[in-house]
Amino acid sequence: MAEIRLVNIVKKFDEDTVVNNLNLTIEDGSFTVIVGPSGCGKSTTLRMIAGLETPTSGEIWIGDECVTNMEPGKRNIAMVFQNYALYPTMTVRKNIEFGLVNKKVQKAERDSLIQEISDIVGLTDHLDKKPHQLSGGQRQRVALARAMVKKPKVFILDEPLSNLDAKLRGQMRRELIQLHKRLGTTFVYVTHDQVEAMSMGDQIILLDKGVTQQMDSPMNMYHDPNNVFTAEFIGTPPMNILERGHLNAVLPTLFEDVKYVGFKPEHAEIIAGSEERQDHVVLKSEILTTETLGAETIYTVSNAAGMMNVKRFDTPIEETNDVQIAIPYEKLYFFDGQEERIRFIEIDRTAPQQPKPVLVGGV
Amino acid sequence: MTLANSNETLHRKREQSALSALNWVAVRPYMMIFPAIIVFTLFFLYPIGYMIYLSFHDWNFVSPDKDYVGFSNFTALLQDAKFQQVLRNTFMYSFATVSLTISISLLLALWLNKKGAMYGFVQGAIFSPHIISLVSISMLWMWIMDTDYGLLNWFLNLFGISNIPWLTDPKTSLLSLIIVAVWKGIGYYTLIFIAGLQSIPKDIYEAAALDDTSKVRTFFKLTLPMLSPTLFFLTIIGLIGSFQVFETISIMTKGGPINSTNTIVYYIYENGFRFFKIGYASTAGVILLLVVGVFTIIYFKLLSRKVHYQS
Numbered sequence: 373m374a375e376i377r378l379v380n381i382v383k384k385f386d387e388d389t390v391v392n393n394l395n396l397t398i399e400d401g402s403f404t405v406i407v408g409p410s411g412c413g414k415s416t417t418l419r420m421i422a423g424l425e426t427p428t429s430g431e432i433w434i435g436d437e438c439v440t441n442m443e444p445g446k447r448n449i450a451m452v453f454q455n456y457a458l459y460p461t462m463t464v465r466k467n468i469e470f471g472l473v474n475k476k477v478q479k480a481e482r483d484s485l486i487q488e489i490s491d492i493v494g495l496t497d498h499l500d501k502k503p504h505q506l507s508g509g510q511r512q513r514v515a516l517a518r519a520m521v522k523k524p525k526v527f528i529l530d531e532p533l534s535n536l537d538a539k540l541r542g543q544m545r546r547e548l549i550q551l552h553k554r555l556g557t558t559f560v561y562v563t564h565d566q567v568e569a570m571s572m573g574d575q576i577i578l579l580d581k582g583v584t585q586q587m588d589s590p591m592n593m594y595h596d597p598n599n600v601f602t603a604e605f606i607g608t609p610p611m612n613i614l615e616r617g618h619l620n621a622v623l624p625t626l627f628e629d630v631k632y633v634g635f636k637p638e639h640a641e642i643i644a645g646s647e648e649r650q651d652h653v654v655l656k657s658e659i660l661t662t663e664t665l666g667a668e669t670i671y672t673v674s675n676a677a678g679m680m681n682v683k684r685f686d687t688p689i690e691e692t693n694d695v696q697i698a699i700p701y702e703k704l705y706f707f708d709g710q711e712e713r714i715r716f717i718e719i720d721r722t723a724p725q726q727p728k729p730v731l732v733g734g735v
Numbered sequence: 002m003t004l005a006n007s008n009e010t011l012h013r014k015r016e017q018s019a020l021s022a023l024n025w026v027a028v029r030p031y032m033m034i035f036p037a038i039i040v041f042t043l044f045f046l047y048p049i050g051y052m053i054y055l056s057f058h059d060w061n062f063v064s065p066d067k068d069y070v071g072f073s074n075f076t077a078l079l080q081d082a083k084f085q086q087v088l089r090n091t092f093m094y095s096f097a098t099v100s101l102t103i104s105i106s107l108l109l110a111l112w113l114n115k116k117g118a119m120y121g122f123v124q125g126a127i128f129s130p131h132i133i134s135l136v137s138i139s140m141l142w143m144w145i146m147d148t149d150y151g152l153l154n155w156f157l158n159l160f161g162i163s164n165i166p167w168l169t170d171p172k173t174s175l176l177s178l179i180i181v182a183v184w185k186g187i188g189y190y191t192l193i194f195i196a197g198l199q200s201i202p203k204d205i206y207e208a209a210a211l212d213d214t215s216k217v218r219t220f221f222k223l224t225l226p227m228l229s230p231t232l233f234f235l236t237i238i239g240l241i242g243s244f245q246v247f248e249t250i251s252i253m254t255k256g257g258p259i260n261s262t263n264t265i266v267y268y269i270y271e272n273g274f275r276f277f278k279i280g281y282a283s284t285a286g287v288i289l290l291l292v293v294g295v296f297t298i299i300y301f302k303l304l305s306r307k308v309h310y311q312s
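Protein chains in written order, with the numbering used here: chain A, 373 to 735; chain B, 2 to 312.
In isolation and in its complexed conformation, chain B is listed as follows:
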């Protein structure tokens, strides 16, 4: 009897320890990601949630009261002619910057994808803007693009072109910012393109040479399709980055002249921290979140198909 009893206790103990071991196994992964979850919630989820919360309120940043206003911030924003121009500017800026950067970098990569000291030097030279802070770059280009004393107009004068008011004319101001962004971006893009080009097996080109393929056809039928993952990656990353342009605008043009270079992030900043319309600024923030979100979803959806990846 006693023996049977002690046996039973032993069994129960074993079961219990097995159960607690099982629990520990189930709980352990959550314990491990807990610190990361805390950081993520505190610094990502909470601000996003708070921004969405604020977008339904009217608040001036100092008053203790936040007045709930429903969707009126959204309706006001979407009817705001200035915001419509801001959206247009942002899209113009982003698509022009990305398409120009990509086409110029691709051409440069095709040229620089060779061995030799000169190619290394050029690659280093065009990469250098990437490591300079945007503030310095903005200051530099403000001088280069100065209407009366700038390097750019001096250079154009040599060809008999009269002074262009780059940053002070609404017709050229957005273009000027695009030029700066392209100038800064091509080094990095070229580097990624060169890496992409180098991953294409050489013997494919040899096979194409034996097939008597012209250079143009080789590029469009072989190189470009093989580069499609790189191309796609850079397009999406570039677009998402350009939608959020801020520093150059803040330093070089302050959104002007006459709102011609105002973009979403600068508009958010302006409304929030200069006009203290926090609710309104948050609403613009939500719109930006949606736009960037849509492009990110497209990126991940398309990533799995349409684009050729080497097996």
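Next comes chain A alone, as it looks inside the complex:
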């Protein structure tokens, strides 16, 4: 039982409100990723769960214990820091052992635990080295081992992969997913990188300016964003958000007060300049850049509605000037003046096309 609940959490630094009335539940055994741009309060939230910061008001519950004012060491939490925070004067073995000695674990048990954990993370050959003799990836493993050896109720990871190079980051990402499966413990993971969030989390909490934007599974987050912020944050490249005013000529009549229209880069199609499409938004465009990534190609196109990204999986297009992009009506997302999603909307297809009213949600 280690469900984490944050109830009406507010955190202020002097007059700065970093976290504003945050309520969230992190399910027992889940891999929850808190994601958001820098300064959104994600690290502060994490540090409050760890006990390194005290909330200005509100309560934090771990399992059925209120830990709001409990010391970090008593919360049965292990944390992996962005800069690893290894003890520089101690060997890898001593680093891993340190917390166990504090818990008064017997020497024989300590040794077998260290052996077991260092086998899992592949550090057995490095136990007698000091942290400065290790590479970034190895230090990361020491930090993980130090956290794992305590067998905590909750793992907390604060941007643990941000100091690694891209290849190692991918590898560690997969290792962390496997580790979570193996341990079955609650993981709370903070990152600013939506790819990490999407690939690792089974629950994502998206924060902005100390407020939850959306709390959902990765697929829902992607396919069913609540607002413009989520839509523009998730996805590589993220959703294109266009102002409705720029699209009046090509859009059917909308009965709702729509301010923004969005579509995913992979839902747009690039067609020849002369082609016509029914039930599509068609925009005369010019391709500015073409990024060929092998399996997919990302085009940056410019048209009357602005700049937007299109992602296609077919052969890269040579013609760049006389093209059109076409987005099917049912793949459009609509947002109101407050940038909130309008989920159900009636479209009158009489103008500029034939009548055929339907409900679309963009799902």
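Keep in mind the hints are simulated off the structure, nothing from the lab.
Quick caveat, the model's predicted, so the values are computed rather than measured.
Accuracy of the hints is not assured; some may be wrong.
To be verified - Here are the computed lysine to any residue pairs in the SDA-like style, where the Cα-Cα straight-line distance is at most 20 Å:
no., chain 1, residue 1, chain 2, residue 2
1, B, Lys222, A, Pro460
2, B, Lys222, A, Arg465
3, B, Lys222, A, Arg482
4, B, Lys203, A, Gly445
5, B, Lys203, B, Phe220
6, A, Lys466, B, Asp204
7, A, Lys502, B, Asp204
8, A, Lys466, B, Lys222
9, B, Lys185, B, Leu153
10, B, Lys185, B, Ser137
11, B, Lys203, A, Asn535
12, A, Lys475, B, Lys222
13, A, Lys466, A, Lys476
14, A, Lys466, B, Ser215
As the list claims (entries may be wrong) - Now the stretches of chain A that chain B is said to cover, found in silico as 3 or more residues with beta-carbon under 8 Å:
no., segment
15, 455 to 461
16, 467 to 479
Note that CB positions come from ideal geometry on N, CA and C, so glycine has one too.
Got chain A; can you put chain B on it based on the hints?
Same frame as chain A, but now just chain B:
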């Protein structure tokens, strides 16, 4: 033929200019450090050499003759009971001063290493003795430590402790000088310790907090090892400085009573400029040079290992 000749001359000229350029490149660094070498030789090497030269001679400072006496100054000095006491005093003074200053400053630094007006004020207050001249400090403490009218005894009287003859009793005189040295030193030492403490990454302490580490264990297992460069630097600098103590002794006790506060530098001064035994004083100077030299070598040897430096 002429063409070949002129070509040859051209070649030779080029070679010559290349050679002189090469010479200039080789010579230039020496030219640049030449002024510094002059100053160093004149004001460091020459006096040291002359002191060593004098230590093998008997000279009274005024006579034109310097009598060569071989090692007799050294044998006499090392058998001199007074000098043995001087050495003991110097070591006692140095080790007591340095260990007390370091332990008190470290505790103060741990307390003052926080943000807040009060901490800044205390830090400034304990640093102020460092910028006062030692002569003023000596005068001040002569009054504070006066047996009958001193502030210190007045304060102790409040607790029913009778007057202590701080500077006039051989039992307490060296201690009194140590107290003054510690009082003067802690401000500077604390400042350096605070700088050392601030260079320790904060997240290590957070990791320790999550590991449920007690305050005492955090101090001995994390803070102290991380402070070892600072600690080591201050110890050696402090020892070298204390070996050379002079002003306070010269003003407050003149080495007395009964030689109880006489230290090497004061002993050199006494022999040289009061008894005019220049050769003998130079010999003591050579001994001091050796002692300080040994500690300096230890400092630089150990600097490269044993001590943890953050990468």
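Consistency of the hints with the structure:
1. B:Lys222 x A:Pro460: holds, 11 Å
2. B:Lys222 x A:Arg465: Status holds; Cα separation ~14 Å.
3. B:Lys222 x A:Arg482: Measuring from Cα to Cα gives roughly 18 Å; hence the hint holds.
4. B:Lys203 x A:Gly445: Since the Cα atoms of Lys203 of chain B and Gly445 of chain A sit roughly 16 Å apart, the hinted pair holds (cutoff 20 Å).
5. B:Lys203 x B:Phe220: Status holds; Cα separation ~13 Å.
6. A:Lys466 x B:Asp204: Roughly 17 Å between the alpha carbons, so the hint for Lys466 of chain A and Asp204 of chain B holds.
7. A:Lys502 x B:Asp204: Holds, because 18 Å separates the two Cα atoms, which is no more than 20 Å.
8. A:Lys466 x B:Lys222: holds, 11 Å
9. B:Lys185 x B:Leu153: With Cα atoms ~16 Å apart, Lys185 of chain B and Leu153 of chain B stay inside 20 Å; holds.
10. B:Lys185 x B:Ser137: With Cα atoms ~12 Å apart, Lys185 of chain B and Ser137 of chain B stay inside 20 Å; holds.
11. B:Lys203 x A:Asn535: Since the Cα atoms of Lys203 of chain B and Asn535 of chain A sit roughly 18 Å apart, the hinted pair holds (cutoff 20 Å).
12. A:Lys475 x B:Lys222: holds, 15 Å
13. A:Lys466 x A:Lys476: Status holds; Cα separation ~14 Å.
14. A:Lys466 x B:Ser215: holds, 16 Å
15. 455 to 461: holds (count 6)
16. 467 to 479: As far as the segment 467 to 479 of chain A goes, the hint holds, because 4 residues have Cβ atoms under 8 Å from chain B.
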